[in-house]
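Protein sequence lines correspond, in order, to chains V and G. First residue of the first sequence? That's 1 in the UniProt record's numbering, and the numbers climb one at a time after it. First residue of the second sequence? That's 1 in the UniProt record's numbering, and the numbers climb one at a time after it.
No lab work stands behind these hints: they were computed from the structure. This list has only true hints and no planted wrong ones.
Footprint (simulated), chain G over chain V, 3 or more residues, beta carbon under 8 Å:
#1 28 to 34
#2 69 to 78
#3 109 to 122
#4 127 to 138
All C-beta atoms, glycine included, are put in the ideal place defined by N, C-alpha and C.
Protein chains: 2
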Amino acid sequence: MSAPKSGITSLAPWYVRDQRPLYSHITTATTSHKIITFAGQVGANEDGTFSPNQSEQVEQAYRNLSQCLDAAGATPNDILKLTYLVVNYDPNNRVHRKPTTEFLKGHLPATTLIPVPALASPEMLFEVEAIAAIPEAPLKKVDVVVVGAGLSGLQAALDVQKAGYSCVVLEARGRVGGKTWSRDIAGGKQDVGAAWINDTNQIRMYELCRKYGLKTVTQNTMGRIVMEDPADGSFHTFPYGGVPEKEGEKGGVANMVQVRDLFESLCHKIDVSDPVGSCKALGKDYDKMSMEEFVTSEGGGKIAHGTINIWCKAMLGLEAREVSCLFFLDYCKSGGGIMAMRSDRRDGGQYLRLVAGTQSFSLSIASSLSPNTILFNSPVRNIEETSEGVHVTSARGSFLARRVIVSVPTPVYHEISFSPPLSETKFKLSRGTVHGYTAKMIIAWKEPWWRRFGLCGLLQSAYGTFCVTRDTSVDSQGLYALTCFSEGDAGRAWSRLSKDERRAAGVDHIRRAFGPFVGGEDKVPEPIETIEQEWWKDTWSQGCPCPAMPPGLMTEVGSALREKHGSVHFVGTETAYEWKGYMEGAVRSGERGATEVIQALREEGKSSAAAKL
Amino acid sequence: MSAPKSGITSLAPWYVRDQRPLYSHITTATTSHKIITFAGQVGANEDGTFSPNQSEQVEQAYRNLSQCLDAAGATPNDILKLTYLVVNYDPNNRVHRKPTTEFLKGHLPATTLIPVPALASPEMLFEVEAIAAIPEAPLKKVDVVVVGAGLSGLQAALDVQKAGYSCVVLEARGRVGGKTWSRDIAGGKQDVGAAWINDTNQIRMYELCRKYGLKTVTQNTMGRIVMEDPADGSFHTFPYGGVPEKEGEKGGVANMVQVRDLFESLCHKIDVSDPVGSCKALGKDYDKMSMEEFVTSEGGGKIAHGTINIWCKAMLGLEAREVSCLFFLDYCKSGGGIMAMRSDRRDGGQYLRLVAGTQSFSLSIASSLSPNTILFNSPVRNIEETSEGVHVTSARGSFLARRVIVSVPTPVYHEISFSPPLSETKFKLSRGTVHGYTAKMIIAWKEPWWRRFGLCGLLQSAYGTFCVTRDTSVDSQGLYALTCFSEGDAGRAWSRLSKDERRAAGVDHIRRAFGPFVGGEDKVPEPIETIEQEWWKDTWSQGCPCPAMPPGLMTEVGSALREKHGSVHFVGTETAYEWKGYMEGAVRSGERGATEVIQALREEGKSSAAAKL
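Next comes chain V alone, as it looks inside the complex (with noise of 0.2 Å):
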C-alpha cells in the first residue's frame, strides 16, 4: 500500500573513484519506462521574487522539483540524474548538499554539479535539472476505473467490487487518502487533513469505526475558550458551550447572537436535494449576496461579522466576502446546521477523533478491495470516450474502460483533459468553484499546559495567524498538541514566509493569544515539536477541506454538481447531500457514485444480453 518500487537501478562502475552519498556514477530504466525531462527549477518562490540566501534557494527549488514531479506522477526515487548549477561555488561550504540529501532521502540518481559564472536572471544562484523514468504498463481493460483514492474513491470502488465488477483506482499521489493524512509527530499521529467525526449523525463513519476496530478519542471541551475580540482585538475568555462574557462593542454579543440564531433558522428552511428551489421560497436572494453582505444587511455589528467570518474561514478557508450566502447555508445545512457543523461536543463536527489518525479510514477501506486495485503516483491526464469504451491515460498505464468515477475536487477537473470537453455548465462550475486557503500547523508540547490554567485549548482569533485551534492531544499516548488553523487571508499572508518564518509567526501567535491567561507569555512552554500541511500548495488537492461557491454561480450552474459526462460520474465531499466537506459527506458520496455506476453498467449487461437474443 506504499509508493511503487523504483525502477531506477543504480550501478557502480569498477575502478572509478568511489561514489558519494549524493550520487551513483551510472543509473538505468528499462524500457518499460516513460522519460520525463525537467526544466531546470530555480530557487524562485510562487511569486516570482527569489531568497537572497542560496540555502533557501536551494531549499525552493526542490519545492518546485518536486512541485513538478508530482504533476508529473514521478517521485525522487524515480530520477535517473540530476544536475545541479551552482553560483559561487564553494568546495568547502556545498550549500546544496544538505537540501539535497533531504529532498533524495537515499535515493542515488547520476548526477553532474556545474559551477556556473551566473544563471538566466542574476538573482538566481542554484538550479537542479532532473531526468526521470517511470514504468508504463500497457493498456488493460477493466469495468470501471476510479479516479482518485481518498475516501469517496475508495468507498466507490470497494462498492462496484462488492457489485462484482473489476474496478481499478488511479491515484496521483504516493498514499491513499488524499485529504484523509495522518502524519507522525512527537510519537504519535496527527490529522493534517480531516480530523473529526461523531457517532450520532456521521453514522457511515462510525459503522466504519466499528466495521475496522478504529479506536476513537473523544474531543476535550473541558475549559474555557480564549478569544480575540473581533471588535477591539483584546484577549478575553468564556466557557466552552457559553457566549463571550465580555464585548469590546457594546451589544455586540447579543447582536451577534441574532444575527446567527437567524442564519440557523433560515439553514434550516433550506432542502439539499434543491437548494436554489428552496431559497426561492424564502423571498430573498441569497445567492446573489456574499456571507459579509447578509450579515451588514440584517444589522451585524464588529463581533457579528467577526465570529461569522471566523465560521467561513475555519470551515471553508475563505473570508466571509469571498462566499455565497446560500451556498453557506446549504454547506450548513448538510451538517445539521451551523450549530451542529460547529459544536465539538456530542451530535456536532469536531466530537470524536481517531487515536491512529482518520488516514486509518482510507487504509481500512483499501485494505477491504481486492489486491493491486490501487495504482499510485499515477494522476490521471485524459479521459477521452470512444466507440471501444472511456480510455483514461495515467502517468502509469492507461485503461479501457466502461465506466469513470472521477472523485477530485471540482476545481481540480483542469488538470484532466476530458474528450468530449466538459459540458458548458460543468465547466463553469469546475472553473469558478473556489478552494480557500487553509493550512494546519500541529505544535506538540511534552504536556498540555493550557489545561493546567482551566482552558480547553479552544481559541478564536479574528486577527491573528490561527483563526482557530484546537486541542488535540492524544493523552493515552502522552501526545499534547494544538491543531492550529491558518486560513483565508491570513492564511494566505503567512503562507508567503519561509517555513521556519511560518513557524515563529505561529508560536509567537498563540503565546500572544493563551499568554495572558497562563500567567504570561514567556509562560507559554517551548514545542518538542511542529508539524504544518498546506494545502492550497498541494498539487492534487490545490485547497482543503471543500470546493465553495462564490456569490452567483449556485444559481447559474449549481445543478450540474453531480450531472454526468457522458460514461464519467463524479463524486467526492463536496457532491454529497449529507455533512459536505466532512469525512462523512466522502463516504456517501462514493456510494452515489457507485449506486449510478453499477446501475449503468447493469442496465447495458441487460441491453447487450438483449441484443443477443
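Mind docking chain G on chain V? Use the hints.
Just chain G now, kept in the frame of chain V:
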C-alpha cells in the same frame, strides 16, 4: 501527408511560477518512444569556422541541430529537453531567444539555460544540446518496402500495390517528392528542385499531367540570351536558338560549334543499354578522359571549354574536369542528345513547367497509394537479409519484407548499413559516384523587367555566381521570377558565405550581368522575395540533380548500377535508360524496379505453391 504528430506531452505543475513562452516545466514521452541524445551543437560553419557574431552562431547551431534531428528522423517537435550554454550571457539581451523561437515554431520543450565562462574552443559563443524522443512502432510484415518517397520510389510503390502486393514507403523527410519540391514565393509556387518536362519524349510525365489534371506553363524563349564570354568575361547578348554574335576569342564560337557537333554525333552512337561496350566500338576510351580532356583533345578553345563547362555545371553541378566524358555522353544520350537536353523548346529538357510546381507529380502519385502507405520522418538505417525476409529498420519502426526497393541516390547508400554488405562493385560504385554542387536561388520581382528589354531571362555565365538563369515566371498568377543556378566551384565558394551574403552576391550578379542591357545596373529593380535551396547541404539528397561518375568508374563498376543485392532492388533517376537526372527518368526507373520485384514475388509465389504440391 504531413509529418507525424509529436508524441511529446508538456505538463504544467501546480503552483510553480508560470511557464515562459520558450519552454515547459515538464515534458514526457511514452514508452513506445525511443530516446535520442545529441551532442552539444555549436555554431560551427561547415568548414569549421565560427562567425564572431554570437547571434549568427546561435542560428548556425540550430542549423547544425536541425541536421542532427534530420539524421535521426526527428523534428524540433520531438525535442523533450533543450539546454543552452551561453558565453557572455546578458540577461538584458538574450540573443538566443529569436533563433530559438524560430527553430521551435511553438513547441515548448523543458529547458535549462547555463551561462558559461567559455566553451570547448575559445571561438565558441553558444552551444545547444537536446534530448528527443520519437515513436517507434513494433515490427510489421509487408511484401515490399520502398525506401524513399521521391518520384521513383512512389512510382514503384504504386505499381507494386496495383499488382496486389502490400507495400510501405519509408521516407526520411516530412514530405513526399525528394528533389521535386515546390516552395511558396511571392504568392505562387516555384520549384527549388526538378522543374521542367516536355510533352513529346517525356511521355510518362505528360501522362501524369493529363491523369491528374496538372496545368503547365510553357518556358519563355522569346528574346535574347545574356552571355558572359568565357574568353574575355565580357557581357553580350544573342537571340535564343542562335549562337553568340560576338566572341572574345577569334573563331571561338565556330570552334565551340565544331566540338559540340562532334560530341553530339558521338552521343548518338552510344547505346544506353551498354555505354561501355558501345564506346569500345568508337575506337577511343572516352571513359578514361574527363569532359575537359575531351574538349582539349578535340582542339577546343576558350569558348568551347567555357561553354561545355557550363553544360557540366548546369546539368550535373560539376566542373568539366570532374566528369567522365563517356558518362556525360551516355547521360546526354539518355535525353536525346546534348542539343535536346539543353533546349528550352518543344522536345527539349526545359520546355514545360507546372503552375502548381513539380511536387504535385509526387503528391498526385502519393494520393493514389493505399492510405497510410507512407511513413514520414522515417530514415532507413539498416537493411538486413535474414532467413525470414529482409529486415528494414527505420527511425520510427521496423518491417519484415519479401523485397525492398531502395530509391535513394547511389552516393547516399552509405547512410544505410546493408547486411550482407553490398558487393564490392556496388560498394565502389556508390563510393565513386559523386554529386555536384547545385543550388537554386529563386528571385522574384514585381514585374518581368528583363522582357521589356527584349531579354528572355536566360543567362549563361562562365565566371559568375550563377552559371545559368531562366525565367520561371507564372504570368497567370502575376509571379515573376528568375531561377538562378549556382553550380560547381563557383557554387561551392558561394555556399561558404552566410545566407545574407549569398543573397547579396546573387542579386549583385544579376545586376552586373543584365544591367548593361536594361539601361544600367540601377535599372534592375529590388527583388520582392528570394528563396534558395542548396541540395548539397540537404541530408537526404546530398546533391542534385543526378549522381555522376568521374573518369574510369563506369568502365570499372558501371555494370553494377541497376544490379540487385539479394532481395534489395535499386531505382532512382540515375538508373534510368532514358532521361537520366530528370523526373521522366525517375518515374521510368521506378517502373523498372517494380517490374523486377513483382516478377520476383510471382516466381517465389509459384515456387512456394509448387513446394506445397
